[in-house]
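Hints in hand, dock the two standalone chains.
Residue numbers (our numbering), protein chains in the order written: chain S, 1 to 616; chain X, 1001 to 1324.
Please keep in mind that the hints were generated in silico from the structure rather than gathered at the bench. From the three backbone atoms N, C-alpha and C, an ideal C-beta is built for every residue, glycine too. Honestly, I wouldn't trust all of these hints.
Under the rule of at most 20 Å between Cα atoms (straight-line distance), these lysine to aspartate or glutamate pairs were calculated in the EDC-like manner [to be verified]:
| id | chain 1 | residue 1 | chain 2 | residue 2 |
| --- | --- | --- | --- | --- |
| 1 | X | Lys1079 | S | Glu237 |
| 2 | S | Lys443 | S | Glu419 |
| 3 | S | Lys417 | S | Asp405 |
| 4 | S | Lys542 | S | Asp527 |
| 5 | X | Lys1063 | S | Asp266 |
| 6 | S | Lys171 | X | Glu1046 |
| 7 | S | Lys318 | S | Glu290 |
| 8 | S | Lys519 | X | Glu1046 |
| 9 | X | Lys1063 | S | Glu145 |
| 10 | X | Lys1028 | S | Glu496 |
| 11 | S | Lys539 | S | Asp499 |
| 12 | S | Lys539 | S | Asp527 |
| 13 | S | Lys125 | S | Asp178 |
| 14 | S | Lys519 | S | Glu189 |
| 15 | X | Lys1028 | S | Asp483 |
| 16 | X | Lys1028 | S | Asp489 |
| 17 | X | Lys1028 | S | Glu501 |
Sample of chain X residues at the chain S side, in silico, Cβ under 7 Å [to be verified]:
| id | residue |
| --- | --- |
| 18 | Leu1043 |
| 19 | Ala1050 |
| 20 | Leu1169 |
| 21 | Gly1170 |
| 22 | Gly1171 |
| 23 | Asn1174 |
| 24 | Val1176 |
Among chain S residues calculated to face chain X with C-beta under 8 Å, some are [stated by the list, open to error]:
| id | residue |
| --- | --- |
| 25 | Val253 |
| 26 | Gln258 |
| 27 | Ile284 |
| 28 | Pro289 |
| 29 | Asp301 |
| 30 | Asp489 |
| 31 | Gly512 |
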Amino acid sequence: MKVKKILALTLALVMLSGVLAACQTGTSAPKDLTIKTNTPRDTLVVGDPGEMNGDFIGGFGNNSYDRDIKILLHGYVGTYHIDTADQIILNEQVVKNVETSVDGAGNKTYTFTLHTDLKWSDGTKMTAKDFVGSGLMEASPQWLEAGASGILGDGLLGYSEYYGGETDVFKGFKLLADDKFSVTIDAEELPYFYETGFVMVDPIPMHSYFPGIDIISDDNGAKFSADISADCVRISETERFAPTVTAGPFKFVNFENQICTLERNDNFKGDPVSKKKPYFKYIIRQTVPEETDIDMLMAGDIDVLATTIDGQKIDQTKASDNLNYHNYLRNGGGALNMVCDWGPTADVNVRWAIAHLIDRNTVVDQFLKGYGGLIDGEYGFAQWAYIANKDKLDSQIIPIAMNIDTANDYLDKSEWKYESDGSTPFDRSKANSNGTYMRHNSKGEKLAIRQAGGSAAVAEPCNLEFQKNAPMAGMDYSVDFVDFNLLLDHYYYAYELSDDERIYSTFSMGWGFGQPDDKYWGSYHSDHYGTWVNPNGIKDSKMDDLIMRMRRLDASQTAEYAEIWLEYILYAQSLMPVLPLYSNNYHDLFNNVIHGWNTTPFAGWSQIICDIEKYR
Amino acid sequence: MLRYIAKRLLILVPVVIAISIILFGIIKLMPGDPVRAMLPTTLRGEQYQAAYAVMSARLGMDKPVPVQYLRWMHNLVIKGDLGYSSANNRPVVDVIREPLVNTIRLNIFVNIFYLLIALPVGIKMATKRGSLFDSGWQVFSIATYSIPSFFLALSLIFIFGVIMGVLPLGGMPNTVLFSGFGLMFQWARYLTLPIITLTIIGLASAIRYVRNAMIDALSQDYIRTARSKGLSEKVVIYSHAFRNALIPVSTIIVWTLFSLLMGSTITESVFQYNGIGKLLLTAVNTRDTMLIVSMNMIFAVVNVSAMLIADVIYGLVDPRIKLK
Chain S
1 MKVKKILALT LALVMLSGVL AACQTGTSAP KDLTIKTNTP RDTLVVGDPG
51 EMNGDFIGGF GNNSYDRDIK ILLHGYVGTY HIDTADQIIL NEQVVKNVET
101 SVDGAGNKTY TFTLHTDLKW SDGTKMTAKD FVGSGLMEAS PQWLEAGASG
151 ILGDGLLGYS EYYGGETDVF KGFKLLADDK FSVTIDAEEL PYFYETGFVM
201 VDPIPMHSYF PGIDIISDDN GAKFSADISA DCVRISETER FAPTVTAGPF
251 KFVNFENQIC TLERNDNFKG DPVSKKKPYF KYIIRQTVPE ETDIDMLMAG
301 DIDVLATTID GQKIDQTKAS DNLNYHNYLR NGGGALNMVC DWGPTADVNV
351 RWAIAHLIDR NTVVDQFLKG YGGLIDGEYG FAQWAYIANK DKLDSQIIPI
401 AMNIDTANDY LDKSEWKYES DGSTPFDRSK ANSNGTYMRH NSKGEKLAIR
451 QAGGSAAVAE PCNLEFQKNA PMAGMDYSVD FVDFNLLLDH YYYAYELSDD
501 ERIYSTFSMG WGFGQPDDKY WGSYHSDHYG TWVNPNGIKD SKMDDLIMRM
551 RRLDASQTAE YAEIWLEYIL YAQSLMPVLP LYSNNYHDLF NNVIHGWNTT
601 PFAGWSQIIC DIEKYR
Chain X
1001 MLRYIAKRLL ILVPVVIAIS IILFGIIKLM PGDPVRAMLP TTLRGEQYQA
1051 AYAVMSARLG MDKPVPVQYL RWMHNLVIKG DLGYSSANNR PVVDVIREPL
1101 VNTIRLNIFV NIFYLLIALP VGIKMATKRG SLFDSGWQVF SIATYSIPSF
1151 FLALSLIFIF GVIMGVLPLG GMPNTVLFSG FGLMFQWARY LTLPIITLTI
1201 IGLASAIRYV RNAMIDALSQ DYIRTARSKG LSEKVVIYSH AFRNALIPVS
1251 TIIVWTLFSL LMGSTITESV FQYNGIGKLL LTAVNTRDTM LIVSMNMIFA
1301 VVNVSAMLIA DVIYGLVDPR IKLK
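Extracted from the complex, chain X is given alone in its bound form (with noise of 0.2 Å):
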């Protein structure tokens, strides 16, 4: 296991570098200036040209793309420095930080809540197959899988925010005029229809999932003998089925902890909520290159990191699976 392991984290280093070196060279390929982008307008002569030179130098951007590059990877890797935001005008660090937090704080709540309605309805949709149940489920799967995120969250707001009145509309609450519980009040309001949105998008396709994996478990020949040895429903779901259907849907709980990194770009957007997926919107946006480099790279080692520890999650919770 740990030979599969080292090895696959040999694997991933040249991926990674791949990975850094498309980004950062289509990042280049973009037309446009970004040192151009942070000097104030009203510069004149000599005072423009001195502040572009400044700057130009602070950035690197006046050295070779190639040189640029092997700087960039340098400050990465040795002082875990993610470059400069040229629309922020400030380290991508310290750009990246709050959003990152929100975006955490937010899809915690998200995986919670999805994970505790798919598992139980994806096994009782499984277990009473072609019930009301069942299909009402499966239309709710169907109909929340073809819903635009955005549609979804405008009709929450409307509903929640405009017709009653109980919610924000979006935004995020003050940290100074609310402190202790009040504060933790406002948080409450001003997540909830984030929550729902995105625990809705994602329930359509985790209780499908599930579903299907507890159909595969209970049609092998390990469940008929246990039926046979006259064990209780309930066991025979739970102690036997289901533990089966974990394997697959092992896969599913895995992304779900890396997904607490990665924004929503649409829901975050439509809320005003200040997370890293709108944070990726308004930097693509505003051609703040750095920013995008940086963080399509933590997107691409989240995923990279997922994939590997799926894989091994697999050989430890399925003994037929050998690593090698």
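For reference, chain S alone in the conformation it holds in the complex (with noise of 0.2 Å):
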């Protein structure tokens, strides 16, 4: 008998220390424990529960851990840089000299003079001929038919028949010299606000990419030396997993098991705006187990963890003597995207009642437990025009709240007026929480939304929100949860189904801007409408006037840009077509020897790594 009560005894302070060890995970850690760094102070160690795919170099894959990668491998040397405020400036570590000209049918062409100290990891010096040869390949049909894709080129002179295959020379680019190259922006294309993202170009290693293949260019454009289809495929089978000659800051040593090696790059000039060089002599960027990565940033294991948004998370580094963090609100967020032209949201005013039943503040606390913010508008607060804008923007855009009579409101003004039968107005008083008197259209159909919610941790607060607040408008509004894949098929080519097989007005999404933030690109212009790009359905001629008005500036003109800008932003909100959830406030943690750590909307880690620092 004591035999049993001492074992039981046990098993049970064996369960018990098991369920105070998963307790404990989420409330703050013992400051003793942090107190140490186990990693080289020659090495960042960057963890981030994402896992890569292993695609390091441009044109392969979606993946944007291996991002990362390849800007420290690739990045940092094309004509153009986006600085950290996300302005596009001229590199002029790369570039002596750029001038542009204008011929008579209005072609643009922007002459560029490289320093003549560039070189690849290899010691192999860098010289033009790697910009047009990088122009050439991506937009090469060769380039295609090996599994790879991009978009440098398009907008250029002779484009779409070097794309197609017509003609193997590109009228777009120009091989001048060893040190000079030019690109011409087709007429057809100008004026544009954006014009310098047409010559944003990236160098490719020829000499390693095309051993023996040269560059041919005259008046008429330019072309590669030989058939260039066998190294292509050889570039996408081989090259693209272990670069073996790079450009950026870093050169690549190994990716294995998830962990991504790599060493420093000491031929590479300098960032294009601080001129410094990176401090590290290795990066590792590994993944690492969601459930216990501050605990190994505590531990000392990896140096940092980057863009967490998780508030358990922060308040341990928060409660930390050794651990520090740099925090930011995202270019973007979650947002609720609605269906414009089909369902009951194709009304404006079931949209508009739809952001009036949610409290986005009750969103913001239980799945970002309070670090994020909320934004009515779709604009970053880090946004130049946002800045230029300000005082404007904040008078004049609609604050969305959650407020029932004004939801009951718009729906008085659409066709969800009736009650069942039809023909019986709507009577909000009678409405109710358990969702027994419900908004009908003459037709007796009811009011019924369906979201598709991806993560849970998102969908799970709006579904409680509206299951609380819609049946109090009259409206039936359900969420599913289904896999990701699922919802974007049903978002953004929706187009392909029939009426019968599309269920979803509404679906959780994230949201963001980046460089260059083209609004026709941006999924609201008519053109695209039927496409994936527009995949909420608009079509309006205002707003295509918006667009086009904004985008056909000469890029001298900023300040009518963010006029137009703000009056796209209020229109934009009119049409409801997203009602913007929340902005996370991204929290880079990381242990207190890591130093210069300046992330910004605009520039993660990879794009700030000749800035940090580590000292014990």
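Here's what the structure looks like:
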């Protein structure tokens, strides 16, 4: 009997210690566990739960975690550079001089003269041929056949003919000398506010990618001296996973078991802005378990945990004397995207009603544990156009708040204003949270909205809010927790479905802005109606006009652009295709030994690598 | 015996074909287009269409499903080509290689440890039936059988990684920063907790299996006869009882060998161990259809092969069983 008691007690203690262990993860960490770093001084170890695919040259895949590695290997050496404030600046580390000219047909040519001290990681001299080769390769049919894809060259003279394989000469590029080349923008694309986007060219190592192949250039354009098909296939099958020659701040060493190791490229000339070279000899980017990543940071096994949104981990970091953090509001966030050309949400009044039926603060509190902000339109607080228009925009944009009366007002203006008989006016005083009294249209159809929710962390608070509030406005709102890929299929490719196959009116999505922020490709222009580019199904002449007025400005007309941008933001809000739910307050968490960590909404850690240092 | 094996192998062929058709069919019924997942979202009109057409043709997705199946089977049988992973944008064989090696590396140690523990412990439990030793291990067996593997893994991480700080919390060693004995030491550090977790999970059922087989053997008449002949207890147990108990135990030994190829989805994920189980989970999450089909085909073939070999070994070690 005594033995049984001892055994029972032992088992109970084992179980109890297990329970305590599991609970401990979510509370503040003991401080004496955090005073150390196990990583070498010349090495930066970045942990992230996101898995890399291992595609480390441009043209392959969408993986955002590969992107950091691509930037470290191939970034910083293009003709133009996007700085930490999201401004496109000439890369003076690479380009000695740039001249522009316009020919009789209106085509605009940028002629770049390069510095002559540029080198690849293997010591080979970098020349204009590497830049022209980049344009020729990325726009070539051979590159496409090898399974790669890209948009470099789109908008340049002769792009369609070259890309379509009608000719092997690309008129838009010319090799003028070892240190000089030109890029010509098609007159049809001009004026264009983001025109430098057309001439942002990153080099490729011609000697490594296409050994023995030269570039032939004359007044008609440039072309490869031989067929590049076999080399493109070789690049896609080998170079893509383990780049041998790079020009960015680091060289590729190894990618194994979700650990990518890079070594400093001593031939890298320096950051385009600070002119600094990287401090670290090695960068290790490794995938870490989401359940224990903060413990790994506290234990000193990794130096950094970037772009964290988990409130508990942020609180643990704040409570620690040995960890530090840097935070900023994401240039975008989470949103509720609404279909504007199908179902009840085709009516703008229904869309506005939905916007007033959710308390977005609850989503921020529940999903982000308070680490987030609210935005009422499609902009980011750090965007230059917002900063230029801040006072006007803040006073003119309609604040969106949960208000059932306002939602009912909007719905009374829609076709959904009857009881189930289709004729008796809906009486908002009869609406109840049980959902027994709903709005109908004149055909007797019930007002029912189905949302496709991807991440349960976001969809669940939405679901709770709409379950509680929507019936009070006579709306039957339900959230389906669907696979994210299925959500994308119903959102981006709904135009391929028949009306009977379409199910969802709203979608939990993310949103953000990149450079160039061309609204024409930003989903609302009617040219893209019925395609994946305009998934909300907006077809509006005023919207088209605003978008075209913005993009048809000359790059120097920033004041005019900011003015139209304000009009665009306000008009986009009035159409309510997207309800911004939150903007994440990103936190980069790092060991105290790390210094110079100044990421911004526009520049992640890989884009400020030359500023980061480490002290014991 | 050879006729039996040949017969079983012949039966395996339609079984494997049927499994492949079912797997392929189920995966194809899943909504979504893998080609879309492979293309960069930055592509515009004509670029997208062109890239889509090229990739569709390359993967054979532009053909009807039966043709896709036949093409896949043809490539599989003739070239050993398992297909193309849409999420990884490379051949499935290349995607599987590294995690498979890691899983085998992990499971070799797990299987050695758990057999080394389960066999002597199970035998001793049976011979000391009702003792403290027997009761203690039975409690251990029930407790560890009931504990979810992720809970056990997290508890071990907390104790050995967070509190004691002697072992890494997860991940895998860097093969660039370490080499030689240093790398071996790192492997040992990173493998320890996953090995302990999987060994404990495996032990729970194995020791009971061995114990029951031994109890069954010890209750047989020939054991009484052996004892009545005056043989020592050691000889009775190890020469008579254990050899006969090995007949059912041989099944778990065969499964142990084949389980080298099977990953543990949960444990590998918790430890961020880049094994075949974690890869399967990632494939499901990213709807990497060909990777899912191929991995399940491998698991199916491993399973049916293990069944065949277990049956053959049964026949070899137990002369009473006639294989026809």
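Hints violated by the structure (listed by number, smallest first): Numbers 5, 31 - these are the hints that the structure violates, sorted from lowest upward.
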